[in-house]
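Enquirer: Listed here are the chains, written in short residue letters.
Number of protein chains: 2
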Amino acid sequence: MKNKDFLAVELSKVEEHLLKTLKTRSKMVEESLERFIKSGGKRLRPTLTIIGATFGEYKSEVVVPLATSIEIIHMATLIHDDIVDDAETRRGTRTVQSTLGKNTAVYCGDFLFTRAFMLIADMAEIDMMKDLSKAIAFICDSEIDQNEQRYDQTVDVRKYLKRIAGKTAALFSLSIAVGAHKAGCDKKITSKLTNIGKNIGMAFQIVDDILDFTGNEKTVGKPLLSDAKQGIFTLPIIYSLNSSYREETIKAIEMIKDDGGERLMHCVINSGGLERTKGLARKFIKKALKIKDTLPDGYGKEAITEIIERQLDRKF
Amino acid sequence: MKNKDFLAVELSKVEEHLLKTLKTRSKMVEESLERFIKSGGKRLRPTLTIIGATFGEYKSEVVVPLATSIEIIHMATLIHDDIVDDAETRRGTRTVQSTLGKNTAVYCGDFLFTRAFMLIADMAEIDMMKDLSKAIAFICDSEIDQNEQRYDQTVDVRKYLKRIAGKTAALFSLSIAVGAHKAGCDKKITSKLTNIGKNIGMAFQIVDDILDFTGNEKTVGKPLLSDAKQGIFTLPIIYSLNSSYREETIKAIEMIKDDGGERLMHCVINSGGLERTKGLARKFIKKALKIKDTLPDGYGKEAITEIIERQLDRKF
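So the sequence lines, in the order shown, correspond to chains A and B.
The first sequence lines up with residues 6 to 321 when you count with this note's numbering.
The second sequence lines up with residues 6 to 321 when you count with this note's numbering.
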């Protein structure tokens, strides 16, 4: 039977596999990627892959490279995101782009993408290849949308949800789906798990966007209000723009560089925007829990429950 | 029998397939990618794939998506290169990064990579997937090397050749190899073609580096001396640094922003650096022709001869 150390043991294997897979010609790049790996991160996506696989016949030697490839894809998108966002820090340590420069960071991201594809090709997983390619294309599409929607005061909840479905939830649902699929789960269970993954992803991103306002800079590992400062309007702002605080919110956004976001913070709190955002996150959590209830009892069900419930009160 | 229109017909199918494959959610991105496609380019890599396939049983419906995926990978690397190089123009038209911004350009490149992988996954070509992933990783490695070697006066011919083997020749040899492989050529012929592709790639990149000095800006489609201005030392400079003109060359590089590269041009010509560079390009061409001679007679042999011979006196 799987005890409570099981997940930690499997994740430590993923960690080892990550370090092994990222060997490359340039010592500087290797060190920078190693620092990035060792700076941690929640490893939520590989966790989902592992849990997904426990619903079928769990084979560590198959699940570990699978989970690793998913985390590498995620790391690649983070490195490219940091270029776009001009981010200095991530997970409390300096980003690849800030240590090696944007130039090298572009290729580091590409390098990671191909490393992940090589892992998957080694597993001869054509279907996973297709799904993963689709998920990455979806992520790119949504990031491009997000860029095009900068400073657009007409962005509404629908567009926001579409954006985060692509940029976050797609990879979450895929993470758990490939685990389940590879362990030979039946279609019904795999589809339930995929759906749970999607809802966790939606909640995760919404909570991320809340933390951009309410988080502790040190715990979150990056400066607060970083999205708003770049004109990316997330849910708290969208709700605030769609309330009686609209004019005040518009002014607050214009003044963000002068007052460091103080007025904007006032708007999202007093308009109820932040509360409504939390409410929506709770909805996705509830949906995930409801589907989870229909899963067969056992280790996997308990583990996924913990993951779902942890989302609402996470601090980083 | 394949007549002289054959290649043009097949390439026009690749062109169609390129446009079809690049449909995406964002109109702005789609238009920008369409402009990029329509700005032309030599389509040398898909040409090699097509020619490679003529040595076996040629099936257009198989070769066209294969050749398209190779060109898409190439396009993705160009878009990321242009971000790194801050390039305003490419093929005489504005680059994706200069029209849509670096941010969107990062994701456009990623988007193209995944589109290519999706095409290949559709063909269920696991081996090609692996080879292509390896080739892209090799390209990334070499571009990172190139970045790390900026302004390094100790870069020698060996390091230069290693760099261009990765950043250019790897994809050239793969382009022709996948064509041959997919058409069921025997191993001996595929290996010869792969080797020819590699030598064409080496010559191609060396000629590119010559054109950065001697080309016509309008014909080449980008500003001259762009590598030198970024501290990337290509073969003409390396030879010049390894001649009695070393001190003059070092000074000329330092002054490039003041005199627009006039002194440097003087150095690479008078040191014989440019001539020696041409000599090395000719060596690779000769090697390619020598291997070509051992190929079976027919359309493919004629076509590849023309491609090889065209490299030396190309103007763009």
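What the hints contain is simulated information worked out from the structure, not anything from laboratory work.
Here a beta-carbon is modelled for each residue, glycine too, at the ideal position from N, C-alpha and C.
Be careful, since some hints might not be right.
[Stated by the list, open to error] A short list of chain B residues far from chain A (calculated; beta carbon distances all over 12 Å): (1) Ser31; (2) His85; (3) Glu252; (4) Glu267; (5) Lys283; (6) Leu300.
[Claimed, not checked] Facing chain B, from chain A, some residues (calculated, C-beta under 7 Å): (7) Val34; (8) Thr109; (9) Tyr112; (10) Asp115; (11) Asp146; (12) Gly226; (13) Leu229; (14) Ile255; (15) Tyr304.
Enquirer: Which of the numbered hints above does this structure break?
Expert: 1, 2, 12, 13, 14, 15
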